[in-house]
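> Chain by chain, the residues run as shown.
There are 2 protein chains.
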Amino acid sequence: MAFGYNGKILRVDLSREKISIDSPDDVFYRRYIGGEGFVAYFLLKELKPCVDPLGPENKLIFAAGPVTGASIPGNGRNSVGAKSPLTEGFGEAEVGGYWGAELKHAGFDAIIFEGKAESPVYLWVHDGEAEIRDAGHLWGKDTGDAQRIIREELGDKLIRVAQIGPGGERLVRYACVINDLHDAAGRTGMGAVMGSKNLKAVAVRGHERGKVADAEKLKELARWLIQNPKTWSWAHDLGTGGAMEAFVELGNLPIRNFRDGDFSNAVALDARTIKDMISIGMESCYACPVRCKKVVKIEEPWRVDPVYGGPEYEALAALGSNCGVDDLKAVCKANEICNRYSLDVISTGDTVAFAMECYENDILTDTETGGVKLNFGNAQAMVQMVEKIGRREGLGDILAEGVKRAAEKIGRGAERFAIHVKGQEVPMHEPRRSRALGLGYAISPTGADHVHNLHDGSVASRNPYFEKLAALGILEPVPRENLGPRKVRALIYVVDWCVLDNSLLMCCFLPWDHIQKTEIVRAATGWNTTVWELMKVGERITTMARAFNVREGFTKKDDWLPERFFHPKTSGALSETAVDPTKLEKARSTYYEMMGWDENGVPTKGKLEELDVAWVAHMLG
Amino acid sequence: MAFGYNGKILRVDLSREKISIDSPDDVFYRRYIGGEGFVAYFLLKELKPCVDPLGPENKLIFAAGPVTGASIPGNGRNSVGAKSPLTEGFGEAEVGGYWGAELKHAGFDAIIFEGKAESPVYLWVHDGEAEIRDAGHLWGKDTGDAQRIIREELGDKLIRVAQIGPGGERLVRYACVINDLHDAAGRTGMGAVMGSKNLKAVAVRGHERGKVADAEKLKELARWLIQNPKTWSWAHDLGTGGAMEAFVELGNLPIRNFRDGDFSNAVALDARTIKDMISIGMESCYACPVRCKKVVKIEEPWRVDPVYGGPEYEALAALGSNCGVDDLKAVCKANEICNRYSLDVISTGDTVAFAMECYENDILTDTETGGVKLNFGNAQAMVQMVEKIGRREGLGDILAEGVKRAAEKIGRGAERFAIHVKGQEVPMHEPRRSRALGLGYAISPTGADHVHNLHDGSVASRNPYFEKLAALGILEPVPRENLGPRKVRALIYVVDWCVLDNSLLMCCFLPWDHIQKTEIVRAATGWNTTVWELMKVGERITTMARAFNVREGFTKKDDWLPERFFHPKTSGALSETAVDPTKLEKARSTYYEMMGWDENGVPTKGKLEELDVAWVAHMLG
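Respectively, the protein sequence lines represent chains A and B. Going by this note's numbering, the first residue of the first sequence is number 1, and it counts up by one from there. Going by this note's numbering, the first residue of the second sequence is number 1, and it counts up by one from there.
Some hints here could point you the wrong way.
To be verified - Chain A stretches covered by chain B per the calculated footprint, using a threshold of three residues with CB under 8 Å from any CB of chain B: (1) 472-478; (2) 523-533; (3) 553-564; (4) 594-604.
Claimed, not checked - Below, in silico cross-link-like pairs of lysine-lysine (DSS-like), each with a Cα-Cα straight-line distance of 30 Å or less: (5) A:Lys217 x B:Lys468; (6) A:Lys219 x B:Lys219; (7) B:Lys557 x A:Lys605; (8) B:Lys583 x A:Lys605; (9) B:Lys211 x A:Lys468; (10) A:Lys468 x B:Lys217; (11) A:Lys605 x B:Lys605; (12) B:Lys45 x A:Lys605; (13) B:Lys557 x A:Lys230; (14) B:Lys468 x A:Lys8; (15) B:Lys468 x A:Lys468; (16) A:Lys583 x B:Lys45; (17) B:Lys583 x A:Lys45; (18) A:Lys605 x B:Lys556; (19) A:Lys219 x B:Lys45; (20) B:Lys605 x A:Lys583; (21) A:Lys230 x A:Lys217.
As the list claims (entries may be wrong) - Coverage of chain B stretches by chain A, computed from C-beta distances (three or more under 8 Å per stretch; other residues unrestricted): (22) 256-264; (23) 483-495; (24) 592-601.
It is worth saying that the hints were derived from the structure and are not from the lab. Ideal Cβ placement from N, Cα and C applies to all residues, glycine included.
Chain A extracted, bound-state conformation:
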């Protein structure tokens, strides 16, 4: 077995209460790496086409990577994947913290959950062993309570818990999986899949540090990071969300359901304000000095419990500006509720924003909202609605289905306010500003998603990020508004690397460049791997995720943006420009051709063979 892995994957059949261990060979590990790669592999290989994502035939995969748990910053993460109940396609999300590292220390590289438990259970994984335990007493509990009880009953305060709250139990389609109460595998509704399996939590504890091939080299790279705080001090000082006003000026901040450009009090939501007013410190992930995660404590008008951490940029924008809300405490409370209930902050915020726009356009009435005045900017209403979603209460029950299904149920033209791609709500970076990002949203296998994408659009200019991209052969900047072939090429290369990051489970905030990351993988595994091989892993997994969606029936028309982005914002920076659908269509074709997909976006046999996954070709008929 290669260094860096345990060589063991837990397989838990919840229906039969059977636990077994897979022992894949070295080539499996090197070809699929971990995280999103494992998810793509198992979903394609083991799922029958077109199963119900909330039925027992779906599988839920938790996976780490080769460096996860090693003594080097940025490697405590894990990935969670399944067929998505939100998109009915490829579902996968990553999460920071400690859980991934703990899983590795407990002796496993991944866990595959199959079937459905008869009644609520949780899995207890510890030092090479695993046990399905009753969770009847935990069901219905907030994540905070559940974690406390699990740690108490197992008698170890250092147990790491990945779990769902009542939102996941109630199958909110965008429920997330919460680690350590505040870190979320947020997108694509993995928490709902967990709920559908009657699986409340996965508690892990391990004492075995895995062996790496070159511990000295890892130390050297860790030392480089520590000695270069300039490269990460932005994250250390404020975490995400420290440029809210600039984002308004640039047009990047979504405002009132992606409609408007004006937002006068953005500073109220800024990470600097949080630091000054309500922060009680910063939290870390495993072995990381960056400590980028805000912890906030508020006593009134809402009590916000610091065990649930604090809001990241995506929460500040989705629950804040995109709902027209500039009340920071309200946003922190809503963020806390999301973490208590295990709701994805992006989809939750977007769904509330959608409902607000419906309400203001008389598509939703006071009767339907249960009397809640769901106007943009009503902080109290926003917080109430988030809680209703978590409980599937009243209108919350409809909104818990996500904007696409909610709009279909509501009818009356609500569909035009449902800002999603493939059923997944759009994250907090404006496609009207960064055109490559928009194309990325349109094509991403998980629906609108910013972790597979060129989210900062910085191929537009020469800056440190751009200089790094030269390592991939992107030698000249392309203007942000451009969507020509050179931009598409840059997007593809960046996406492939992002997908690799999602598979290695390396944090994308850390400043290591492509060469250093490759050195890290080499030091962990002992493989003579290269940026070439790793980029091809990214391309392989991107293409496998694509193939999964093709098999599920997705077509070219699903690779498209919501109509709203083809029109300018009503005001502000992007009030005179929008995505040009003709150019988007052309860029989409270019993307397909560059990827070796046919004109309908279906990977060609030759491309699948070139990516060494010929077995996938047979699935595409």
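Position chain B against the provided structure of chain A, taking the given hints into account.
Showing chain B alone in chain A's frame:
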């Protein structure tokens, strides 16, 4: 300007006797690297479609790479390119020695020759300057005499001369360019292009060591090589050609025009025999401790002058076994004549073998051979015929056209003995043995060529070469006789890297792996380059060469092997197996699809854009 380059490319208009200097920008250098890359760029960019390769509209490019001339072994090489008079397509060959390093030290990265001199000239390049000089007194001279005279008249014994002998002057279609009298840019007839331009020689001398970004790192890598002689001692001890008997047993050695498998006295041609009997030492290339180049001295029955070096494996097989000749001294003499006259040993040997088979089948008569008994195995006849080719004397005049054109002229069914791809004679590794090699011969833009290819077929087994390939993601060996998708994939990756080597001008005999080579480029240039970027350079150049041929009218049917290889050898190791044309056709389609070429082998627009050479797409209509 990046480290590693001079930033200057000489442009010599021979018609107008005008010399100018191009100063490309950094991005040009990084995108096209050097050598074959520069050739592909200038041929596509500057040649009108379908020009006469022997007319003044053809251009002849001499090019070095970023590391050429730096103090590290394996980097004295240069590339020579033009539209090929042999194939009428993409022409390019590389050559070892000192000339490339000297060009860099003289202040230039490449030279582009345009037009045609009115009367014979040579170019004298020295320390940033260049001068067109009369060569009337050199024309008709053997390379040895010409070099001596040039050095004498310029007063410097250390001048390096790349030149043609009488074979190039007389436009033998497979004339080569000879450096230092014994190193040949052998394939595709670059010497004939030189002759057609009335250009006898390019003499260079320079005293300026270019600056590299990280001299310490280069030293460290050079030190690694010197301290690991086990990785190159095979080349140091014997050079090429030390396994002739094993090659007979494996079926790899071409025997009697690729017809037979038996060759009883292969040991007579072996490098070990040369070492024991006629070697007077080994020659080196610039800054290289390996010294892999044999020097032989013979007094009788032929005088072989050691200034012309000695035979490599390709010469031993082409002029020896492939002509049925086991007379080592005769082979050494023929090799010397090739170097005197500037003839490619492979094409020369193959052409003589072709004539022998014609003769034995009564297609050529004694009248036509001028009384030479041109039977397989007649050493004397072989030597005579090589000289006749160099002089274009009698039958030699027809054979000087290469087997394809000679067969057309001779008629009478001679075509079935003309073993070539796209007009270029097949090199000395058996496609019936290594199926990927055969596919490589068929598709190579230069016609049958082993320096763009998987010439040792070692993807078949786990050995040190194979272990290196894991760095490219080739994780499992594929049997040698297999021609399925995984073999095609391996071939493509290996070809892309070979083409990169041809562009970097790094010797492929040196044991550095992909990671070390990338470190060398990084240390030379200061770029944050990676194996990904470099592989993409290889893919870019492969595709550009393809595009050149498409523009010149080549089609899918040109990507094919001679009929002979679809039948077993008459005897020996491969007497019961041959290339299966159905499998070859399928593999060709797979190759196209994997490369992003359409079903006719034409690069798609998307692929060209992905390779950042969108400008090429416009040329393909």
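> Please go over all the hints and tell whether each is borne out by the structure.
Verification of the supplied hints:
Closer than 8 Å: that is the beta-carbon criterion, and the region 472-478 of chain A has 4 residues meeting it against chain B, so the requirement of 3 holds. Counting residues of the region 523-533 of chain A whose beta carbon lies closer than 8 Å to any beta carbon of chain B gives 7, which reaches the threshold of three, so the coverage claim holds. Note: the region 553-564 of chain A has 0 residues with beta-carbon separation from chain B under 8 Å; the three-residue rule is not met and the coverage is violated. Counting residues of the region 594-604 of chain A whose beta-carbon sits less than 8 Å from any beta-carbon of chain B gives 3, enough to reach three: the coverage restraint holds.
Taken as a hint, the Lys217 (chain A) and Lys468 (chain B) pair is honoured in the structure, with Cα atoms around 21 Å apart against an allowance of 30 Å. Distance restraint check for Lys219 (chain A) and Lys219 (chain B): the Cα-Cα separation of roughly 25 Å lies within the 30 Å cut-off, and the hinted pair is therefore satisfied. Simply put, Lys557 (chain B) and Lys605 (chain A) have alpha-carbon atoms about 22 Å apart, close enough for the 30 Å limit, and the pair holds. Using a Cα cut-off of 30 Å, the hinted pair Lys583 (chain B) and Lys605 (chain A) holds, with the two alpha carbons roughly 16 Å apart.
Taking the CA atoms of Lys211 (chain B) and Lys468 (chain A), the gap is about 23 Å. The hint holds against a cut of 30 Å. Taking the CA atoms of Lys468 (chain A) and Lys217 (chain B), the gap is near 21 Å; set against the 30 Å cutoff, the hint holds. Proximity of Lys605 (chain A) to Lys605 (chain B) is assessed by CA-CA distance (about 19 Å); at most 30 Å being required, the pair is judged to hold. A threshold of 30 Å between alpha carbons decides the hint, and for Lys45 (chain B) with Lys605 (chain A) the separation of about 33 Å lies outside it, so the pair is violated.
A C-alpha spacing of about 59 Å is found between Lys557 (chain B) and Lys230 (chain A), which places the hinted pair above 30 Å, so the restraint is violated. At roughly 27 Å between alpha-carbon atoms, Lys468 (chain B) and Lys8 (chain A) fall within 30 Å of each other, so this suggested pair holds. Taking the CA atoms of Lys468 (chain B) and Lys468 (chain A), the gap is near 26 Å; set against the 30 Å cutoff, the hint holds. In summary, the hint linking Lys583 (chain A) to Lys45 (chain B) is supported, as the alpha carbons are separated by about 28 Å, within the 30 Å threshold.
Distance restraint check for Lys583 (chain B) and Lys45 (chain A): the Cα-Cα separation of roughly 28 Å lies within the 30 Å cut-off, and the hinted pair is therefore satisfied. As the CA atoms of Lys605 (chain A) and Lys556 (chain B) are separated by approximately 20 Å, the hinted pair is consistent with the 30 Å bound. With a CA separation close to 49 Å, the supplied pair Lys219 (chain A) and Lys45 (chain B) exceeds the 30 Å bound. Taking the CA atoms of Lys605 (chain B) and Lys583 (chain A), the gap is near 16 Å; set against the 30 Å cutoff, the hint holds.
About 22 Å separates the Cα atoms of Lys230 (chain A) and Lys217 (chain A), which keeps this hinted pair within 30 Å; it holds. Coverage of a stretch by a chain is defined here by at least three residues with a beta carbon nearer than 8 Å to that chain's beta carbons; for the region 256-264 of chain B and chain A the count is 0, and the condition is violated. Look at the region 483-495 of chain B against chain A: 5 of its residues bring a Cβ nearer than 8 Å to a Cβ of that chain, three or more, so the hint holds. Coverage of a stretch by a chain is defined here by at least three residues with a beta carbon nearer than 8 Å to that chain's beta carbons; for the region 592-601 of chain B and chain A the count is 4, and the condition holds.
When held up to the earlier numbered hints, the structure conflicts with 3, 12, 13, 19 and 22 and fits the remainder.
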